[in-house]
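Trainee: Sequence:
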Amino acid sequence: QKIIAAGANEFALALHGHSPQLHDYLTGSAGSFKQTCLGIKNLKSLGQPVLMNSVVVKPNYRHLPAIAKLLVGLGVDQFQFALVHPLGSAAKNFDSLVPRMSLVAPYLKKALDIGRYFNKKVMTEAVTYCFLEGYEDCISENIMPAMKIFELDRIIPDFTKVRISQAKAKGPDCPKCKYFKTCEGPWKEYPQKFGWDEFVPIKKYVK
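Residue 33 is where the sequence shown starts when you use the numbering used here, and the numbers rise one by one after that.
It is possible that some hints are incorrect.
In the EDC-like style, the derived pairs of lysine to aspartate or glutamate whose C-alpha atoms are separated by at most 20 Å in a straight line are [to be verified]:
1) K225 with D127
2) K202 with E230
3) K210 with E165
4) K142 with D109
5) K235 with E165
6) K213 with D169
7) K193 with E221
8) K210 with E173
9) K213 with E168
10) K193 with E157
11) K124 with E221
12) K90 with D127
Here are the simulated distance ranges between beta carbons [unchecked claim]:
13) P52 with D109: 19 to 27 Å
14) K66 with A178: 31 to 39 Å
15) K66 with K210: 42 to 50 Å
16) W228 with I36: 44 to 52 Å
17) Q33 with R186: 34 to 42 Å
18) S51 with K225: 24 to 32 Å
By construction, these hints were calculated from the structure, which means they are not laboratory data. Everything numeric in this text was worked out from a predicted model, so none of it was measured. From the three backbone atoms N, C-alpha and C, an ideal C-beta is built for every residue, glycine too.
Using the sequences provided together with the hints, build the complete structure.
Mentor: Right under this line is the structure:
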């Protein structure tokens, strides 16, 4: 209530599992699932908009539909599924954390369908167009505003430019895709590990 009184008018939280066991395992913080769910309920009881993010990793991607059902039940206004960016500890644990997009896609689409059915705004991040036919309007990179990032030891004046030019990558067949100019490509660490075979261009013209 003090934060709202101070002017906060939108709240973004993270939930990475559909159960205490999964979420607490991924956060490394016992009780964090219960705390997060209670926080959401408190915010909604105060009439506040709640936006959620769930990082997609190997241990949770099969549970994305269940996470979507939970978030709908909690009354959140928007939720997003973001494929893990393999940096830091995620890079060190790449094999146990980073799932293949081709395996994620069916579960991701089911989760997005659940949100759509209940008229929630649903988004994805770092999943390319070739895995999201029919869900192009859910790709968050389409609507990300220009961002200035303040880090501990530096400032990134234009994160969008840095993200596209340095953090993302495009493969040899990407120019054949009708979304080549729009799509940012995956995090560059993904194809460095898995290669480009999964990325099948969407034809520019359908006969």
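Trainee: Run the structure past the numbered hints and jot down the numbers of the failing ones, going up.
Mentor: none
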